[in-house]
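Start from the sequences, fold in the hints, and give me the full structure.
Listed below are the residues making up each chain.
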Amino acid sequence: MGEKILMKGNEAIGEAAIRAGCRFYFGYPITPQSELTAYMAKKLLKMEDAAFVQAESEIAAINMVYGAAATGVRTMTSSSSPGISLKQEGISYIACAELPCVIVNMQRGGPGLGSIQPGQADYFQATKGGGHGDYHLIVLAPSSVQELVDLTMNAFDLADKYTNPVMILGDGLIGQMMEAVEFKERKKISLPDKERWALTGCKGREKNYIVPFNLDPYEMEKTNFKIQKKYNELKEKEVRYETINLDNADLIVVAYGTVARIIKTVIDNAKKEGINIGLIRPITLFPFPDKIIAETSEKINKFLVVEMSLGQMVEDVKLAVNGRVEVNFYGRVGGVIPTQSEILNEIKKYLK
Amino acid sequence: MKKVFERPKSLTKDPFTYCPGCHHGIAHRLVAEALDDFGVREKTIGVCPVGCSVFAYVFFDCDMICAAHGRAPAVATGIKKSKPDSIVFTYQGDGDLASIGTAEIVHAANRGENITVIFINNAIYGMTGGQMAPTTLVGQVTQTSPYGRDPKTMGYPIKVAEMLSTLKGVAYISRVALSKPAYILKAKKAIKKAFQTQVEGKGFSLVEVLSTCPTNWGLSPIEANKWLEENMIPYFPLGEFKTPEEVS
Amino acid sequence: MAKIVVDEERCKGCELCIPVCPKHIIVMSENFNKKGYHSAKQINPEECTGCAFCAMTCPDVAIEVFK
Ligand SMILES: Cc1ncc(C[n+]2csc(CCOP(=O)(O)OP(=O)(O)O)c2C)c(N)n1
Ligand code: SF4
Ligand code: SF4
Ligand code: SF4
Ligand SMILES: [Mg+2]
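Protein sequences appear in the order of chains A, B and C. Residues 1 to 352 in this note's numbering are what the first sequence spells out, letter by letter. Residues 1 to 248 in this note's numbering are what the second sequence spells out, letter by letter. Residues 1 to 67 in this note's numbering are what the third sequence spells out, letter by letter.
Treat the hints as calculated values from the structure; they're not laboratory data. Certain hints may be false.
In silico SDA-like pairs for lysine to any residue, Cα to Cα no more than 25 Å straight-line [said to hold, decoys possible]:
| # | chain 1 | residue 1 | chain 2 | residue 2 |
| --- | --- | --- | --- | --- |
| 1 | B | Lys226 | C | Pro22 |
| 2 | C | Lys67 | B | Asp36 |
| 3 | B | Lys202 | A | Met47 |
| 4 | C | Lys3 | B | Pro20 |
| 5 | B | Lys3 | C | Ala52 |
| 6 | B | Lys202 | A | Leu44 |
| 7 | B | Lys3 | C | Lys67 |
| 8 | C | Lys41 | B | Ala182 |
| 9 | A | Lys207 | B | Pro15 |
| 10 | A | Lys43 | B | Asn110 |
| 11 | C | Lys67 | B | Arg7 |
| 12 | B | Lys2 | C | Ile18 |
| 13 | B | Lys226 | C | Ala52 |
| 14 | B | Lys189 | C | Glu64 |
| 15 | C | Lys23 | B | Ile222 |
| 16 | A | Lys207 | B | Val54 |
| 17 | C | Lys67 | B | Ala182 |
| 18 | A | Lys203 | B | Lys192 |
| 19 | A | Lys46 | B | Arg111 |
| 20 | B | Lys188 | C | Asp7 |
| 21 | B | Lys186 | C | Ala2 |
| 22 | B | Lys43 | A | Cys202 |
| 23 | B | Lys13 | A | Glu219 |
| 24 | B | Lys186 | C | Gly50 |
| 25 | C | Lys41 | B | Glu223 |
| 26 | B | Lys226 | C | Ile18 |
| 27 | B | Lys43 | A | Ala198 |
| 28 | C | Lys41 | B | Pro8 |
| 29 | A | Lys46 | B | Asn110 |
| 30 | C | Lys35 | B | Pro8 |
| 31 | A | Lys264 | A | Leu6 |
| 32 | B | Lys202 | A | Leu45 |
| 33 | C | Lys41 | B | Pro181 |
| 34 | B | Lys43 | A | Trp197 |
| 35 | B | Lys3 | C | Gln42 |
Stretch-level coverage of chain A by chain B, calculated; a stretch enters the list once three of its residues show a Cβ under 8 Å from a Cβ in chain B [as the list claims (entries may be wrong)]:
| # | stretch |
| --- | --- |
| 36 | 45–57 |
| 37 | 60–69 |
| 38 | 84–93 |
| 39 | 188–201 |
| 40 | 211–224 |
We treat Cβ as the ideally placed atom computed from N, Cα and C, and that holds for glycine.
Structure follows, in structure tokens:
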């Protein structure tokens, strides 16, 4: 530990998951995340008390995760956009059943089969629930391979703490990128006991059962309220973001993941031209860092949201800003990555 | 006098919520008796489907989980992989297993997952009010085959036991019925063998149980038994399709 | 010597136990149970062989057999 290793994003997630105690992985190949599935096969098939299954589909994979999570183990699946769409029913079940698990989405350009280049157009799906019913995933958006590692490890803790599925929302670029990473020693944190609900056989206790339904609407409403309470707690305690240069900025860019990385270079280049740009980079997309955005909008009156979508996160930014200032948007889609110069040109439009 | 027939321990005291005469109840009892016989109740995890037997979690006195429609074999795979010492069974209807969940059952069988599947073939979608199932017989009238199942456009009823027994990963498969005591006794043996297959670690086992749905067939329970024997058994022959040598 | 005990409240009056009894000693009672079903009852218990055909056929596990 302590030393840096050069790793590809997708493989780094796998290593981080294993180091976080995940021994049960279920997946189905899809570009641009297949290296993660292969990494888990290579490692888990050689480990004791571990399992890797190449499932028959993403639907089966998420339902295997549901079964494994129900027994109380740390478990994970990963995919990219079309595969994540297939998992939605299962994710809704897991959220309703309040089971912990980690789901990785290395987004690609959509819709449809789309392209295999990076995208961020699954933001709505990831942050608003994605499947049917009122539920949310905890959504973490890394912007470097190191952060991918750290957030993957955190994801398992958050999942256990809130008994809620956690999604790592990356994209093809970050999955394919090679960077030096360090697997830091993590401090032990105390997490709630799983014995209360885990299916382990009913020896010495009453039976446990996990049923994500209730035909009595009043009871089902109670289930909803209970889950909702967790989301409120998450909004209070788990919001994470990075800010750069918020004081005296001429304009604030809000961007996450790969795009936020590009913005950091744009900020440096702009500085050379005497333009002062600030960045708010949400790390948790749910819970969304709306407070910092709202506060900043009281001081700075120009906002630009940049995404690899045609305008998804921008809606949450607008909600946070609540009409105080104008929120502009720039996006490229279908697998196209916005360049530094086109973003800077866009910024200049609003500074005239 | 000694009690020679009583409620198995692996059933809770809750009365079944199934319609009068519905075979789900008999099948539940046989599964519970098998769990009792092998003394495995306390290490069993059951997976109930979406269908009338979604309520099976109430009736089996062991750990239970409800899967999404058709996905029970995948859920069971996740459970068995993470708790290999447990006894894992799925209990699925014909819409669940042979329509929406075809991929999951075929691949769980093909991987040779060491789980037991109880497959309730009642030739209809019971829970949703009597629509055509993949096992609905040719000519059978349902809500969605109002002029009778026409094989030209709706295909023929799927023979799950035969189909799955072609897979190498499968250890035990049989088809049974519950319409008379002689059949019920055979069904009991078959379900026991299926669990024995799992207890001995021999691989995937499935029992297809021909069952009645008096409510949606529009027949009395006694007429339904007769209909099953006259119409279902000729098309879905009873018997064992695959056995591991040692269990047979 | 054998006999059966029908749990009247579990019985749903499906009548499946009637034709399977080789001794024809199960009939439906006139009374309704709490759920509104006529429940099954045994007549002439002295003829009962304890074969349990009735019990194994009962979908509601409402019959116990003593021998
Ligand atoms: C994804 C999904 N599609 C459809 C349904 C509606 N549905 C509930 S049960 C059922 C069919 C059940 O039939 P079967 O599996 O034969 O079980 P039975 O009730 O006959 O025992 C259907 C279509 C559902 N719950 N989920
Ligand atoms: S609808 Fe049919 S399958 Fe469902 S409980 Fe009633 S009789 Fe049984
Ligand atoms: S035990 Fe046999 S003989 Fe006695 S009532 Fe039941 S079916 Fe009839
Ligand atoms: S079979 Fe059971 S439920 Fe049906 S009438 Fe007889 S005792 Fe009652
Ligand atoms: Mg059915």
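Hints, verified against the model:
| no. | hint | in the structure |
| --- | --- | --- |
| 1 | Lys226/B to Pro22/C | holds (18 Å) |
| 2 | Lys67/C to Asp36/B | holds (21 Å) |
| 3 | Lys202/B to Met47/A | holds (22 Å) |
| 4 | Lys3/C to Pro20/B | holds (24 Å) |
| 5 | Lys3/B to Ala52/C | holds (11 Å) |
| 6 | Lys202/B to Leu44/A | holds (23 Å) |
| 7 | Lys3/B to Lys67/C | holds (6 Å) |
| 8 | Lys41/C to Ala182/B | holds (23 Å) |
| 9 | Lys207/A to Pro15/B | holds (17 Å) |
| 10 | Lys43/A to Asn110/B | holds (23 Å) |
| 11 | Lys67/C to Arg7/B | holds (16 Å) |
| 12 | Lys2/B to Ile18/C | holds (23 Å) |
| 13 | Lys226/B to Ala52/C | holds (21 Å) |
| 14 | Lys189/B to Glu64/C | holds (20 Å) |
| 15 | Lys23/C to Ile222/B | holds (18 Å) |
| 16 | Lys207/A to Val54/B | holds (17 Å) |
| 17 | Lys67/C to Ala182/B | holds (20 Å) |
| 18 | Lys203/A to Lys192/B | holds (22 Å) |
| 19 | Lys46/A to Arg111/B | holds (18 Å) |
| 20 | Lys188/B to Asp7/C | holds (23 Å) |
| 21 | Lys186/B to Ala2/C | holds (24 Å) |
| 22 | Lys43/B to Cys202/A | holds (6 Å) |
| 23 | Lys13/B to Glu219/A | holds (23 Å) |
| 24 | Lys186/B to Gly50/C | holds (19 Å) |
| 25 | Lys41/C to Glu223/B | holds (21 Å) |
| 26 | Lys226/B to Ile18/C | holds (14 Å) |
| 27 | Lys43/B to Ala198/A | holds (13 Å) |
| 28 | Lys41/C to Pro8/B | holds (22 Å) |
| 29 | Lys46/A to Asn110/B | holds (22 Å) |
| 30 | Lys35/C to Pro8/B | holds (23 Å) |
| 31 | Lys264/A to Leu6/A | holds (22 Å) |
| 32 | Lys202/B to Leu45/A | holds (21 Å) |
| 33 | Lys41/C to Pro181/B | holds (19 Å) |
| 34 | Lys43/B to Trp197/A | holds (15 Å) |
| 35 | Lys3/B to Gln42/C | holds (16 Å) |
| 36 | 45–57 | holds (count 5) |
| 37 | 60–69 | holds (count 9) |
| 38 | 84–93 | holds (count 3) |
| 39 | 188–201 | holds (count 3) |
| 40 | 211–224 | holds (count 3) |
The structure agrees with every numbered hint stated previously.
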